[in-house]
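A.B. asks: What follows is the residue order along each chain.
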Amino acid sequence: NAGVMQNPRHLVRRRGQEARLRCSPMKGHSHVYWYRQLPEEGLKFMVYLQKENIIDESGMPKERFSAEFPKEGPSILRIQQVVRGDSAAYFCASSPGTSPNTGELFFGEGSRLTVL
Amino acid sequence: GENVEQHPSTLSVQEGDSAVIKCTYSDSASNYFPWYKQELGKRPQLIIDIRSNVGEKKDQRIAVTLNKTAKHFSLHITETQPEDSAVYFCASSYGNNRLAFGKGNQVVVIP
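Chains as they are written, first to last, in my numbering: chain A, 1 to 116; chain B, 1 to 111.
To be clear, the hints were calculated from the coordinates, so they are not data collected in a lab.
Among these hints, one or two may not hold up.
[Stated by the list, open to error] From the structure, some residues in chain B lie toward chain A, with a derived Cβ separation under 8 Å:
{"no.": "1", "residue": "P34"}
{"no.": "2", "residue": "D49"}
{"no.": "3", "residue": "F89"}
{"no.": "4", "residue": "N97"}
{"no.": "5", "residue": "G102"}
[Claimed, not checked] A short list of chain A residues far from chain B (calculated; beta carbon distances all over 12 Å):
{"no.": "6", "residue": "P8"}
{"no.": "7", "residue": "R13"}
{"no.": "8", "residue": "G16"}
{"no.": "9", "residue": "R20"}
{"no.": "10", "residue": "R22"}
{"no.": "11", "residue": "K27"}
{"no.": "12", "residue": "E52"}
{"no.": "13", "residue": "P61"}
{"no.": "14", "residue": "K62"}
{"no.": "15", "residue": "R64"}
{"no.": "16", "residue": "G73"}
{"no.": "17", "residue": "P74"}
{"no.": "18", "residue": "D86"}
Positions of the beta carbon are idealized from the N, C-alpha and C atoms, including for glycine.
All chains should be built: construct the whole structure from the sequences, respecting the hints.
C.D. replies: If you want it as structure tokens, here you go:
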């Protein structure tokens, strides 16, 4: 089992460009979570998805950010018209379908976005 | 939403001593409390967790205690070693299938 796979590991964008971050959950996992980590900060919940459904996006900024988890392929976190404040590490985590009330989240290695 | 706070933000201990990190949470309905360890530039990894039907859980040098009445839980690391140096995040469950994380504690083990 390859674990949660994220790519790219590092991404550099200029202000105004788009960033796309991909996450393939662990095999057999159907729940995906995206968290953002600013330097020396904790993990801030952004969005929780199941296949083809956004379950909770209460942590997502209202503009420029979107996420999807299609029936086939990885989950994608998309940031349009990036600004310097978007520079952060974006972690994806997956779980097998049981809630965090009963099991752990498995994290990927993260995608580190730098906006110039 | 759930609010999770960790104390202290940075903790330095001599190798071999014990380290204790405390977390408080706000949602009385929370019933799952994991601790994650994150080394520099790496992903967070679960090291121990506890559920609300137990007060203490131990795994070798690591233990977690939970006080539901006071809404706090603590991580205890005994006989610390240099490889214990990392950032430790506590979390608590809330809502439907979500975890809220604290800001993390930097633990430095001095050889």
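A.B. asks: Work down the list of hints and note, for each, if the structure agrees.
C.D. replies: Do the hints match the structure? See the list:
{"no.": "1", "hint": "P34", "result": "holds, 6 Å"}
{"no.": "2", "hint": "D49", "result": "holds, 7 Å"}
{"no.": "3", "hint": "F89", "result": "holds, 6 Å"}
{"no.": "4", "hint": "N97", "result": "holds, 4 Å"}
{"no.": "5", "hint": "G102", "result": "holds, 6 Å"}
{"no.": "6", "hint": "P8", "result": "holds, 15 Å"}
{"no.": "7", "hint": "R13", "result": "holds, 20 Å"}
{"no.": "8", "hint": "G16", "result": "holds, 28 Å"}
{"no.": "9", "hint": "R20", "result": "holds, 20 Å"}
{"no.": "10", "hint": "R22", "result": "holds, 15 Å"}
{"no.": "11", "hint": "K27", "result": "holds, 17 Å"}
{"no.": "12", "hint": "E52", "result": "holds, 16 Å"}
{"no.": "13", "hint": "P61", "result": "holds, 15 Å"}
{"no.": "14", "hint": "K62", "result": "holds, 16 Å"}
{"no.": "15", "hint": "R64", "result": "holds, 22 Å"}
{"no.": "16", "hint": "G73", "result": "holds, 22 Å"}
{"no.": "17", "hint": "P74", "result": "holds, 17 Å"}
{"no.": "18", "hint": "D86", "result": "holds, 19 Å"}
Every hint from the earlier list agrees with this structure, and none is contradicted.
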